[in-house]
Amino acid sequence: MNTRKRCAAFSLLELMIALGVAAIIATFAIPAYRAHVMKAHRLEAAAAVMRAVEFVETARLAQTADGGNAVVLSGGLEQAPSNGMAVYRLAVLPESTTNGGYAIEAAPVVSGAMQDDACGTFVMDATGLRWNHASGATVPLDAAQSAACWGGRN
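FYI, the numbering for the sequence shown is 11 to 164, going by our numbering.
Just so you know, these hints were derived from the structure itself, not from any lab.
Heads up, some of the hints might be wrong.
What the hints assert, rightly or not - Here are the computed distance ranges between Cβ atoms for each label pair:
1. G161 x A28: 39 to 49 Å
2. I40 x Q125: 41 to 51 Å
3. A80 x G162: 50 to 60 Å
4. P104 x V31: 54 to 64 Å
5. R163 x A18: 42 to 52 Å
6. A42 x N93: 52 to 62 Å
7. I27 x G122: 19 to 29 Å
8. G162 x N93: 33 to 43 Å
9. A32 x G138: 40 to 50 Å
10. A28 x P104: 54 to 64 Å
Backbone N, C-alpha and C fix where the C-beta goes; we use that ideal spot for every residue, glycine too.
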């Protein structure tokens with residue numbers, strides 16, 4: 011009786027087919043994942059601007075009585091996300107003739123993940139007006155593009 015055991019292993023052809031399938035899946039999965047991460051960063055920036063506006067409004071109300079100095083963001087409000095590595099830096103812009111007293115700006119960190127994002131810088135002023143400036147652009151994005159950025163649809 012001949013009882014030779016046969017080795018159970020993958021052949022080279024089976025391995026190449028498996029690698030090909032993995033490459034095809036990665037071709038679609040990696041860009042979708044990147045788009046999801048960028049959307050999450052944009053929504054985090056928009057939420058950080060809203061938190062900063064709330065902070066500035068509260069601080070301005072407190073300063074009205076005692077005539078305090080300019081409001082400075084602190085306690086994690088100066089970056090988005092508030093903990094960990096910053097993707098956006100927030101700043102309070104001074105009063106101008108059109109912004110109602112102040113504006114909050116969330117600009118992408120220069121060497122960060124969002125430096126080349128189409129939405130660019132998120133801005134909201136004291137009147138509630140929201141818009142975006144693309145990186146290096148001199149004019150803001152149009153209303154539909156800005157709404158898409160703020161709503162996470164871009």
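Tested hints:
Hint check: G161 to A28, Cβ distance near 40 Å, so the stated range 39 to 49 Å holds. In this structure the hint that I40 and Q125 lie 41 to 51 Å apart at CB is violated, the actual value being about 19 Å. As the Cβ distance of A80 to G162 is approximately 31 Å, the hint placing it in 50 to 60 Å is violated. About 57 Å separates the C-beta atoms of P104 and V31, a value consistent with the hinted range of 54 to 64 Å.
Remark: the range hint 42 to 52 Å for R163 to A18 is upheld by a beta-carbon distance near 50 Å. A hinted range of 52 to 62 Å for the beta carbons of A42 and N93 is inconsistent with their spacing of about 26 Å. In this structure the supplied range 19 to 29 Å is violated for I27 paired with G122, their Cβ-Cβ distance being about 39 Å. Range check, G162 to N93: about 21 Å between beta-carbon atoms, so the 33 to 43 Å window is missed.
Hint check: A32 to G138, Cβ distance near 49 Å, so the stated range 40 to 50 Å holds. For A28 and P104, the hinted distance range of 54 to 64 Å is satisfied, since their beta carbons lie about 60 Å from each other.
Violation of the numbered hints given earlier is confined to hints 2, 3, 6, 7 and 8; the remaining hints are satisfied by the structure.
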